[in-house]
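Chemist: What follows is each chain in one-letter form.
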Amino acid sequence: MSDEKAHGSGAVEPGDTSKRVGAEVIRERGVDPEELREKLIDAIGAEFTTYYYYTNLRMHLAGEEDYKEITEDARLEDRAHFELVVPRVYELEGSLPNDIRDFADRASCPDAEVPTPMDDGGNFDTSDLEVEDILEVLLEAERCAIRTWSEICDMTRGADPRTYDMAQRILNEEIDHEAWFIELLSKERDDEINPAGHFARGEPGDAPYSTNNRFNDSA
Amino acid sequence: MTQSASETWSVRIVVPETSSLDAAGETFDLEVREDETILAAARSAGVWLPADCQQGWCTTCAARLVDGDVAHPNARRYYDEDREAGFVLPCTAKPRADTTLIVGQYDDFLEFRADHGRPPGSSKLDT
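Residue numbers (our numbering), protein chains in the order written: chain A, 147 to 365; chain B, 25 to 151.
Isolated chain B (complex conformation) (with noise of 0.2 Å):
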């Protein structure tokens, strides 16, 4: 099926206080088209989120959805239980409904990672 490029979805977008993120205690509201990525979105409007491969891999720019849906169609490693568990990967996470997340979760999500035994967590917080 063929999605409307036009159709677009409100993402807030809720950075915490206790962020290193120069954005920390500031919500943002973005429109953002279902064919582009919430990560992309964000930076075109001037909202600076953690990003480094952009492919779904590497979980800097990992996030918890509040509310609402997204899509990870070309996500090179996102699981079953990290979905089951709220966390998404912003870089490739194109929404489906009015969406919320909370930004700046790499920390935790390394370690939800590593206790269920999947990378990079696993690789990186046993060294």
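With the rest of the complex left out, here is chain A (with noise of 0.2 Å):
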């Protein structure tokens, strides 16, 4: 770099790598970065935790294929949603908590665990366990998905391009899964027809808002 004409950084002094512009251009814009980034552990928290217990409401969906796949593509694309935004925490100078059990503790959303008690061997207790409340649980987790990305969108919309088009691929997605699991619900509950007005996806876990442009490729 010439000494005559040395490069514009704003706040941060040429060569300092103790701060990052790719976090004062936000707070520059009226955000804080600091606490935008808490917010995204939180939600990617509640992805994450999403993620795991889906694998069980999943597996006790016994005898129905079809809402099994479906269950599987949205435990997989809120896993993409995990991966999508962890380099974002990084970036924002933050890191995942190093005992899981915080990361559940603040996930932003509640645990969606099967709903069921347990016997008195430890097992879940299936007597009365119904798929229609399972699809209940899935539901209100997708809204309460819904409820996180939309307020990040809110925090970032104007101020953090970077944020706010992660967040509006993983809030079209939670969309979508809301749909789903409405049009599921409906007619396993009510036997109503309310279509999602989607198809399926091509495979499960394809992802197509949160990670189509393959910018993240651990998603």
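None of these hints come from the bench; they were simulated from the model. Even glycine gets a Cβ: it sits at the ideal position worked out from N, Cα and C. Do not rely on the hints blindly, as some may be mistaken.
Said to hold, decoys possible - Which stretches of chain B does chain A cover? Using the computed rule of at least three CB atoms under 8 Å from a CB of chain A, they are: (1) 63 to 77; (2) 139 to 146.
Unchecked claim - Computed beta-carbon distance windows for the label pairs: (3) A:180 / B:132: 16 to 26 Å; (4) A:157 / B:30: 50 to 60 Å; (5) A:267 / B:34: 43 to 53 Å.
Both chains are given apart, each in its own frame, so use the hints to dock them into the complex.
Modeler: Set out below in structure tokens:
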């Protein structure tokens, strides 16, 4: 770099690696990058716990192969959402909690547990477990995710296009998921036709919005 | 017992002047049915209160109960000590009397939860 023509860096001195312009430009636009980063950790905590809990929910949809596959789609896409945003947390100078219990405890959405008690042997008591009960848990989990990512879209709109882009991609898929589970629950519980308006993904976990540019191949 | 859906309570929402909310320093008076949440009633009335999960879990909406009474029949994570300390979660709180709330108490509530070893404060403030 020429001494006569130093790079313009705003509040960050040339060569200073203790700050990130990628974070400071967000602050300059009125959003606290630390607050945003913590909210992102909460949000991907929910994506991660949902990925875990959907594994159990999917397995208990015994004999309902179409429901299982749709739940698998949502499960893998929620994992993709976690993968998509993890690098953003680090870009904003954060990190994942070292203890996974902390990560789960701070997740912004409730645990999506199988809606049945455990029996005396520590196993799921499935004697009264209904498919519609599982579908309702899935639906409410998706609704929480919609609210969370809408909030992050609100926080970042006009101030942080990188996070906004991720959040709106994820929001698109969460809204798909809600529509799927409304359709299934309506049919299963109420015997009503309430179309999602969608057809199947190409493959489970396609995540057509959150991975369609493949800018994060770990997703 | 089935509650009458038409029964309503007067709910006063106080937004502290120090709040980062757009409505800082304002007070709103709402009529809220017993079967609706205070958050939903506020937003329906054009009063934008903070909230995230809306399932009584994340605590983003935390408020302090100044007067009155609320119930949290559907909150996913609300503890006896929260109630005893006067913290409420408007996203799931339904009025059971004329009530006054101070909203925008998320930070204080996180600290309270952390002090009592409860999430999410216990997991967020130690990191």
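Chemist: Hint by hint, note whether the structure agrees.
Modeler: Status of each hint after checking the structure:
Counting residues of the stretch 63 to 77 of chain B whose CB lies closer than 8 Å to any CB of chain A gives 3, which reaches the minimum of 3, so the coverage claim holds. Against chain A, the stretch 139 to 146 of chain B contributes 3 residues with a C-beta closer than 8 Å to a partner C-beta. That satisfies the three-residue criterion, and the hint holds. Checking the proposed 16 to 26 Å range against residue 180 of chain A and residue 132 of chain B shows it holds: the Cβ atoms sit about 18 Å from each other. For residue 157 of chain A and residue 30 of chain B, the hinted distance range of 50 to 60 Å is satisfied, since their beta carbons lie about 57 Å from each other.
Separated by about 52 Å at the C-beta atoms, residue 267 of chain A and residue 34 of chain B satisfy the suggested range of 43 to 53 Å.
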